[in-house]
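Number of protein chains: 2
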Amino acid sequence: MLEGDLRSVARAISLIEDCAPEGEALVRRIYGRTGRAYLVGVTGPPGVGKSTLVDRLIGEARKSGQTVGVIGIDPTSPFTGGAVLGDRVRMSRHSQDPGVFIRSMATRGHLGGLACATSDAALVLDASGRDIILIETVGVGQDEVDIVRAADLSVVTLVPGAGDEVQALKAGIMEIADIFVVNKADREGADGVVSSIISSLALAEIPEGAWRPPVLKTVATEGRGVAELWAAVGAFRRHSPDAGMKRQVIRQESRLRELLAQRYVEQVDRVVPPEEFQQFVTDVAERRVDPYSAVEAIMSRAARALRGPVLNAAVDHGAGEGR
Amino acid sequence: MLEGDLRSVARAISLIEDCAPEGEALVRRIYGRTGRAYLVGVTGPPGVGKSTLVDRLIGEARKSGQTVGVIGIDPTSPFTGGAVLGDRVRMSRHSQDPGVFIRSMATRGHLGGLACATSDAALVLDASGRDIILIETVGVGQDEVDIVRAADLSVVTLVPGAGDEVQALKAGIMEIADIFVVNKADREGADGVVSSIISSLALAEIPEGAWRPPVLKTVATEGRGVAELWAAVGAFRRHSPDAGMKRQVIRQESRLRELLAQRYVEQVDRVVPPEEFQQFVTDVAERRVDPYSAVEAIMSRAARALRGPVLNAAVDHGAGEGR
Chain A
56 MLEGDLRSVA RAISLIEDCA PEGEALVRRI YGRTGRAYLV GVTGPPGVGK
106 STLVDRLIGE ARKSGQTVGV IGIDPTSPFT GGAVLGDRVR MSRHSQDPGV
156 FIRSMATRGH LGGLACATSD AALVLDASGR DIILIETVGV GQDEVDIVRA
206 ADLSVVTLVP GAGDEVQALK AGIMEIADIF VVNKADREGA DGVVSSIISS
256 LALAEIPEGA WRPPVLKTVA TEGRGVAELW AAVGAFRRHS PDAGMKRQVI
306 RQESRLRELL AQRYVEQVDR VVPPEEFQQF VTDVAERRVD PYSAVEAIMS
356 RAARALRGPV LNAAVDHGAG EGR
Chain B
56 MLEGDLRSVA RAISLIEDCA PEGEALVRRI YGRTGRAYLV GVTGPPGVGK
106 STLVDRLIGE ARKSGQTVGV IGIDPTSPFT GGAVLGDRVR MSRHSQDPGV
156 FIRSMATRGH LGGLACATSD AALVLDASGR DIILIETVGV GQDEVDIVRA
206 ADLSVVTLVP GAGDEVQALK AGIMEIADIF VVNKADREGA DGVVSSIISS
256 LALAEIPEGA WRPPVLKTVA TEGRGVAELW AAVGAFRRHS PDAGMKRQVI
306 RQESRLRELL AQRYVEQVDR VVPPEEFQQF VTDVAERRVD PYSAVEAIMS
356 RAARALRGPV LNAAVDHGAG EGR
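Chains as they are written, first to last, in our numbering: chain A, 56 to 378; chain B, 56 to 378.
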């Protein structure tokens with residue numbers, strides 16, 4: 056995988072996606088070899104043409120001789136966990152190019168599972184030597200916003216003619232944009248969307264010398280404006296070479312908190328017998344105990360169990376002993 | 056608040072929204088008085104007319120003499136935490152009716168903050184005596200799906216003419232629907248959407264005698280089809296009177312897990328000094344430690360601190376001692 060073998064990369068990402076323990080072991084081993092790739096997040100409401108835009112950006116990156124990894128985040132069904140956009144992504148015209156690796160991910164879990172799995176998959180692509188990693192996600196929902204917010208650069212995509220609600224969604228992703236794209240710019244109203252973004256930016260107090268997000272028009276289906284978008288990516292990278300490290304810190308902090316939460320719940324599931332946990336659930340459902348008191352009780356229960364051998368095992372595991 | 060005073064209800068929800076400790080104390084006190092209201096979730100991609108549909112459902116509920124509480128979940132900006140749909144919701148034609156309480160919520164936190172706050176706000180409305188609680192949310196993102204999935208009944212809304220991606224999103228919310236609505240049904244393609252939902256349902260194996268989600272056409276702006284939708288809500292309620300308790304259990308189980316995660320991270324923040332936590336973050340960002348080892352170390356660190364007075368205080372707090 057470290058030599059860039061695509062089948063090994065695909066297998067590694069599958070382990071991560073399935074939350075297999077081997078996935079974690081792999082990330083631990085490769086982690087020191089990561090940090091070289093440049094992560095570009097592409098987000099926006101449904102229907103703005105993100106996939107087409109990503110497809111075009113792949114083309115630009117390849118023209119400049121860089122290898123590309125793409126992670127597409129699929130809306131996941133809570134019941135089937137199915138990846139529905141996968142087929143569309145695989146039909147990309149770059150699918151025969153070994154310099155392009157495209158992976159559509161669907162994640163099952165709760166508690167930051169999406170963000171964690173995406174982040175680990177990006178680490179795999181990074182360690183495998185990809186220069187650019189494009190992450191495509193719908194810009195709705197905290198998880199999705201978190202993913203893009205943590206990228207080295209974020210492209211927020213909008214279209215003319217979207218209704219009130221779509222424009223409102225924009226507010227949630229406005230502040231994470233390093234570059235705005237108004238796609239489908241051959242449609243009526245494109246200039247209106249551009250001016251409305253520019254007026255919003257005018258309200259934001261951007262310090263002297265700081266990066267001012269450009270607002271670019273594209274027609275991704277015809278490739279129009281894509282070279283300019285790629286140039287803007289390069290300009291941001293040159294302007295803010297240290298943005299990467301600053302965002303690394305933000306990314307890692309939220310990552311560690313998510314992982315802490317996830318690990319703790321796993322630990323509780325290990326030490327509190329399922330029937331006891333279910334009794335708490337039933338008590339809450341039937342209004343005998345409120346949720347806050349139940350959680351306190353579960354935490355006390357888990358703490359008592361952990362004061363036994365499990366906790367000692369965790370401490371002996373070693374990572375914490377150096378501090 | 057328990058007597059239904061609207062200003063008290065509004066204040067109570069504000070406490071919850073701000074994550075104030077008083078909000079939690081309140082929920083603990085009122086919890087035993089909840090469980091009577093009927094929760095209806097209304098979800099669907101942006102732009103399908105959910106708010107108009109909710110407005111019409113309020114009208115139907117009022118006609119049948121029931122009081123209504125509405126919670127609208129706003130897409131939240133990770134930076135400003137702003138509620139952008141709030142004004143629109145407040146402009147509802149029901150705003151002068153004391154039998155209708157409408158609240159637009161924006162939640163800041165991570166780790167299930169959205170689901171928890173919505174759930175607590177619904178408890179407040181429930182305890183205040185509202186008969187029907189309508190929860191409107193964009194059906195994208197795990198948090199949003201979780202909210203609707205836990206309702207007593209879920210209405211999934213689609214429209215004709217939505218693109219591939221919007222239809223794909225549907226897959227994520229398909230399985231949670233008790234009733235499908237094709238809104239804006241006067242548009243071309245409405246029957247196509249209806250048939251496509253019916254074919255999807257035909258693939259799902261619905262057991263004999265189980266509820267088969269109806270697919271209804273509405274033009275919410277003109278009120279067309281809304282009476283039929285309200286009748287379907289009643290039919291589901293009569294068909295599955297125990298759906299409520301089953302979903303209560305699902306709802307409470309995921310609620311307890313989210314709360315466990317949230318409380319644990321708060322506990323870690325309390326017992327691990329911020330500069331130590333930041334050192335872990337920096338070590339991970341600079342590739343000296345991988346995230347999994349860092350989290351193990353933080354958990355060990357927190358466990359050591361908790362074996363001191365903090366843990367004992369938590370145990371003495373009492374809720375767990377009965378078990």
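Derived by calculation from the structure, the hints in this document are not laboratory data.
Computed from a predicted model, the values in this text were never measured in an experiment.
Treat the hints with care, as some may be off.
Interface residues of chain A toward chain B, partial, derived using beta-carbon atoms under 8 Å [to be verified]: (1) E79; (2) K118; (3) Q121; (4) V249; (5) R267; (6) L271; (7) V274; (8) L311.
We put the CB at the ideal spot given by N, CA and C, even for glycine.
| request: May I ask you to test the interface hint for L311 of chain A with respect to chain B, counting a Cβ-Cβ separation under 8 Å as satisfied? | output: 6 Å, holds
| Per the CB criterion, is Q121 of chain A less than 8 Å away from chain B? | 22 Å, violated
| message | Quick check on K118 of chain A please, does its C-beta sit within 8 Å of some C-beta on chain B? | response | Since the shortest Cβ distance to chain B is 27 Å, the answer is violated.
| query | Regarding the hint that V249 of chain A lies at the interface with chain B, is the smallest CB-CB distance below 8 Å? | reply | Violated: closest Cβ of chain B sits about 20 Å from V249 of chain A, beyond 8 Å.
| field | Restraint outcome when R267 of chain A is required to lie within 8 Å of chain B by C-beta distance | value | 17 Å, violated
| said: For the restraint on L271 of chain A, tell me whether the closest CB of chain B is nearer than 8 Å. | reply: 21 Å, violated
| said: Is the interface hint satisfied for E79 of chain A? The criterion is a beta-carbon contact with chain B at less than 8 Å. | reply: Given a least distance of 6 Å, the restraint on E79 of chain A holds.
| When the nearest CB of chain B is found for V274 of chain A, is that gap smaller than 8 Å? | 16 Å, violated
Consistency note: the structure conflicts with the earlier hints numbered 2, 3, 4, 5, 6 and 7.
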